[in-house]
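Trainee: Spelled out from the first residue to the last, the chains are:
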Amino acid sequence: GENVEQHPSTLSVQEGDSAVIKCTYSDSASNYFPWYKQELGKGPQLIIDIRSNVGEKKDQRIAVTLNKTAKHFSLHITETQPEDSAVYFCAATNSGYSTLTFGKGTMLLVSP
Amino acid sequence: GAGVSQSPSNKVTEKGKDVELRCDPISGHTALYWYRQSLGQGLEFLIYFQGNSAPDKSGLPSDRFSAERTGGSVSTLTIQRTQQEDSAVYLCASSLWGGANTGELFFGEGSRLTVL
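Here the protein sequences come in this chain order: A and B. Going by our numbering, the first residue of the first sequence is number 1, and it counts up by one from there. Going by our numbering, the first residue of the second sequence is number 1001, and it counts up by one from there.
None of these hints come from the bench; they were simulated from the model. Watch out, some of these pointers could steer you wrong.
Cross-link-like lysine to aspartate or glutamate pairs, in silico, EDC-like; alpha carbons within 20 Å at most [unchecked claim]:
# : chain 1 : residue 1 : chain 2 : residue 2
1 : A       : Lys37     : A       : Glu15
2 : B       : Lys1057   : B       : Glu1020
3 : A       : Lys104    : B       : Glu1044
4 : A       : Lys37     : A       : Asp84
5 : A       : Lys104    : B       : Glu1020
6 : A       : Lys58     : B       : Glu1104
Stretch-level coverage of chain B by chain A, calculated; a stretch enters the list once three of its residues show a Cβ under 8 Å from a Cβ in chain A [to be verified]:
# : region
7 : 1028-1042
8 : 1074-1085
9 : 1107-1114
Only part of the chain A face toward chain B is listed, based on derived beta-carbon distances under 7 Å [stated by the list, open to error]:
#  : residue
10 : Lys42
11 : Leu46
12 : Ala63
13 : Thr99
14 : Lys104
Cβ atoms here follow ideal geometry from the backbone N, Cα and C, with glycine treated the same way.
Model the full structure from these sequences, guided by the hints.
Mentor: Have a look at this one:
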């Protein structure tokens, strides 16, 4: 089945700095790669996604890049703010496209 | 509200007891998913419903775990003879269409299960 590896497990940055979280996946048939943000005590919430026919997608301060050849994708957050502090999960579809396999998460801490 | 609702939010039980966790998805959403979140383990897929049927239940860890969905809406996850390793947050999510690549999954806030 699909295996998704996510790094780093924790990331501390100063407010205003950029943050990058990286993921790799194993199933070359995967075609959809979302990122979810989970705040304490809440369920994960979609923040951005990318499909396999696109190499990069931006939405204000966040962007995602995808390298299908290398089977890795990354989340980039620029001008970080304290409210960006949360756990971020990457995910990829399984080969049957019925489910998402999630990475183990990255705890991002943004210090004022 | 109009989001995914899960109950109970917290459940403490004794080893060996059965528990039921309920999920009420967003109205009109055809797909429903159960995930389990253990400390440091990310989100582990359990089962996927399309309507009332479960085309993928490959993530259920043992035959002590079962789930059903009725009327294309509410779902119940049942854990029989609970064990301490079942302690986790159980998350439910729904989406408008079936297939995980068709769009956003909307998650509930989860049911935290503690088995003593």
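Trainee: The structure should be examined with respect to each hint, and the outcome stated for every one.
Mentor: Hint check:
Only pairs whose Cα atoms come within 20 Å are accepted, and Lys37 of chain A paired with Glu15 of chain A is accepted, the gap being roughly 18 Å. Restraint check: the Cα-Cα separation between Lys1057 of chain B and Glu1020 of chain B comes to about 17 Å, which is no more than 20 Å; the hinted pair holds. Note on Lys104 of chain A and Glu1044 of chain B: the hinted pairing holds, with a Cα-Cα distance of about 9 Å set against a maximum of 20 Å. Taking the CA atoms of Lys37 of chain A and Asp84 of chain A, the gap is about 9 Å. The hint holds against a cut of 20 Å.
The suggested pairing of Lys104 of chain A with Glu1020 of chain B is violated, with an alpha-carbon distance near 26 Å, which exceeds 20 Å. Taking the CA atoms of Lys58 of chain A and Glu1104 of chain B, the gap is about 17 Å. The hint holds against a cut of 20 Å. A stretch counts as covered by a chain when three or more of its residues have a beta carbon under 8 Å from one of that chain; for the region 1028-1042 of chain B and chain A the count is 5, and the coverage holds. As drawn, the region 1074-1085 of chain B meets chain A at 0 residues by the rule of a beta-carbon pair under 8 Å; below three, the given contact is violated.
Remark: the region 1107-1114 of chain B is confirmed as covered by chain A, as 4 of its residues place a Cβ nearer than 8 Å to a Cβ of that chain, reaching the required three. Restraint check, Lys42 of chain A versus chain B: the minimum CB separation of about 6 Å is within 7 Å; hint holds. Given hint, Leu46 of chain A at the interface with chain B, holds; its Cβ is 5 Å from that chain's nearest Cβ, closer than 7 Å. Interface hint at Ala63 of chain A: violated, since its Cβ lies 18 Å from the closest Cβ of chain B, which is beyond the 7 Å cut-off.
For Thr99 of chain A, the suggested interface contact is upheld, since its CB lies about 5 Å from the closest CB of chain B, less than 7 Å. A cut of 7 Å between beta carbons decides the hint on Lys104 of chain A: the least distance to chain B is about 4 Å, and the hint holds.
Going down the numbered hints, you'll see the structure goes against 5, 8 and 12, while the others check out.
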